[in-house]
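Asker: Chain order of the listed sequences is A and B. Its first residue numbered 1, the first sequence is counted upward by one per residue in the numbering used here. Its first residue numbered 1, the second sequence is counted upward by one per residue in the numbering used here.
For the record, the hints were derived by calculation from the structure and aren't laboratory data. Just so we're clear, the structure is a prediction, and the values are computed from it rather than from any experiment. Hints are supplied without guarantee of correctness; some may be wrong.
What the hints assert, rightly or not - In silico EDC-like links for lysine to aspartate or glutamate, alpha-carbon gap of 20 Å or less:
#1 A/Lys64 / B/Glu133
#2 A/Lys429 / B/Glu133
#3 A/Lys396 / B/Asp52
#4 B/Lys150 / B/Glu133
#5 A/Lys396 / B/Glu133
#6 B/Lys150 / B/Asp263
#7 A/Lys396 / B/Glu49
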Amino acid sequence: MKINWFSPLPPAHTDIADYTARIIPVLSQVSDLTLWTYQQEWDKGLEHYAPVLSFKEDKLDWSKLNRADATLYNIGNDGIYHRDIFSFSQQHSGIILLHDLNLHELFEGIYRSQSDYKYLEMLRRIYGSKGLEEGIKYINGETSKDAMITMFPFYELALNNSLGAVIHNFDNLEYASDNNPAPVFYTPLPYANENNLRPLNSRISSTEKRSRLSLICFGYFGGKNRRLIPILKSLASYPKKDKLNLNIYGEIQFLDEIVSLIESLKLKKSVTFHGFAPENKLNAALDSADLAINLRYPTRGEASGSLLRTWNHALPSLVTRAGWFKQLPESCVAFVRPDAEEEDIHRHLNACLADPGHYRAMGLAGRKYLEENHSSETFVRNLMEFIPQVISYKSKAFALELGKRTAGKIADDFSDDYFQKYLLKRTAKEIFSWTRG
Amino acid sequence: MRILITTTQVPFCYGGAEMLAESLKNAFLEEGHEAEIVAIPFRWYPPEEILDHLLACRMLDIRESNGVPIDLVVGLKFPAYHIKHPNKVLWILHQHRSAFDLWENTGNDMAAFPGGDKIKQGIGHLEMQLLLEAKRIHTLSSNVSRRLEKYSRISAPHLYPPPPQAESFYCEDAEDYIYYPSRLEVLKRHDLVIRALACTKKPVKIYFSGRPIKPEFLNDLKSLAEELKVSDRISWFDWISDEEKQRKYARSRAVLFTPLDEDYGYVTLEAMLSSKAVVTCSDSGGPLEFINHEVNGLVAEPTPESLGERLDEIWGDPGFAIKAGRLGNEKYHSLNLSWKHVVQTLTQ
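So that you can see chain A by itself, here it is in the shape it has in the complex (with noise of 0.2 Å):
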């Protein structure tokens, strides 16, 4: 079977690059796969797997893309990785990878830098009058961006043209089924291969109390509903803040806003920045953390790859109970309510300073439901079942696409209603009829 995959690719700063390498080596080994980037730079290693080819090349070879039995895209939020993937998709039909159902940071950035009214109309297009009130409040400063990504996600734009969609939270199938013609499949967010277990070291065995907790947050901080701000703020308010001290990760977007606030609240102390890590140096951290907080709130809906990787290293991780993160089982996460989220972090710090031992049993059942649900192998079965689901629609989505485009010539070339009315009633009647069978 022949397949296109587009996706960030490693060292590109993205879990998504992340989640590619590991399922490469097994997709490749049932299938004849080429890798499509925009990037300029890739890690060479991938090449021992699949070719790598750019598209954003002046002549790009489409029969090499038409040829494939399936094309995927891979669509998070951020722009810089997501956003020509995104465009290209809409010029050639592929299965959509949906790392996130909700995906209004993507689109409001491709389509507010067109213009802000290009957004507002997107939104009218999707949500009616209620998208384009609320998105004018919004540019008003009249309503929070919050408010506007809960109220509307956007994945329809994502799914619009795509010929199947892969989801990685249960929860979103019927949203993403939702007035979607293309068929959308559940598969568990895929991380652990043969290659990429880590070893568990002592301190997963260990039951001593510790004098001082060491906490982790890493990722890509692009969003506020990585909950940064009141994370810091749950810290700064515990009473025995001098026990624990917090090593964060990756990329801040709003780094100057974060280094004001730990200065006021008198946080240098117990906070440490290092930015993006390299893979050895996280993983260094990751191992030696007694305890991560991995909060998101509003959801953006889909599976969470730095949960899987908290998981790996036999890490116990605060979630939000939202989301992907609630159909998670007690045993393996400590919940965090995201309206009580301070009350739940004093609760969990103090639990795990009296009891190490609970937490990092939490840590090992995580990583037991990693092992048993999110490997890559298991993704790639349910992949190669899933693609003959979508080459039977492809069979027949032209037709969606012959309609649009004859109701909008018979909307140009005709004027008279009664013309108009006939036409569109006889030409959709026998379109429609091409969908049989």
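Put chain B on the given structure of chain A with help from the hints.
Answerer: Only chain B this time, still in chain A's reference frame:
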């Protein structure tokens, strides 16, 4: 019966399919039917246009004309053969090959467009659905039947027509050239012939006749011949009259016909009528239904080296060329191809 022949016509492009439609109409008239050709103009690029044309065909109503019923529709080419009629018989000259057997072919125009794969899949789906509206399906050749079975899972017998003006072909003493009459286009592989000529050891000469599908295509071929230093062994004739074509067949040493997977190919039959051996390729499709290697012609592998070897062989053995030509002529007559049989089959 009042019979309409529905076909597709690329404007200003005239070839075997157009000749066949004309011959079929005349054959209906000779058998006492009323017959006309309805030719739908066709453009296949960008690929979305194909579906627009199909939709336009499906919107046509040819059940009657001036209140008088059309008794029978004979569909020849996609998408015109999908025009609706309650009594429709198909005689498929070929399907839209870019979506089927030519999909993997280098230079496939549909595959070169964004979204071409979706149109390909769509056409594949629609063919399986819409072809079944016909009362009966015949095809032009076993090769077309084989493709129909392979890609659309429809089994249909072939129905060979005789070439136009079959009675006008004749044989004369051979002069020093091998004749390749065919429209100049990629699938006819004139470039392969030029490369093969460069591999020959004997002073083989080729006459090409036929109009290029695009003017620059002829220039490209001439440049290739120049580059390979075989220009002086090739004569180019543009469109020539039927009489001139028959003369060129008659006086050739042999006929060359090396298309890629031809549907049928009048050239083979015209060569047989002219008692000429045919040199073709193992992937040329239609010609292989009539040419047996070293009996009434030669079959080369589709490489310049192999084809060059066969050209040397036929050039260097006039005795074999004459004998093979005679056997080809006998074979043609044993096929009993006639328009009367075609009309009877389509109207039964």
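Asker: Does each hint fit the structure? Answer for all of them.
Answerer: For each hint, the structure was consulted:
1. A/Lys64 / B/Glu133: Answer violated: A/Lys64 to B/Glu133 is near 35 Å, above 20 Å.
2. A/Lys429 / B/Glu133: The hint holds at about 17 Å.
3. A/Lys396 / B/Asp52: Holds, because 15 Å separates the two Cα atoms, which is no more than 20 Å.
4. B/Lys150 / B/Glu133: At roughly 19 Å apart (the allowed maximum being 20 Å), B/Glu133 and B/Lys150 satisfy the hint.
5. A/Lys396 / B/Glu133: 19 Å, holds
6. B/Lys150 / B/Asp263: 14 Å, holds
7. A/Lys396 / B/Glu49: 16 Å, holds
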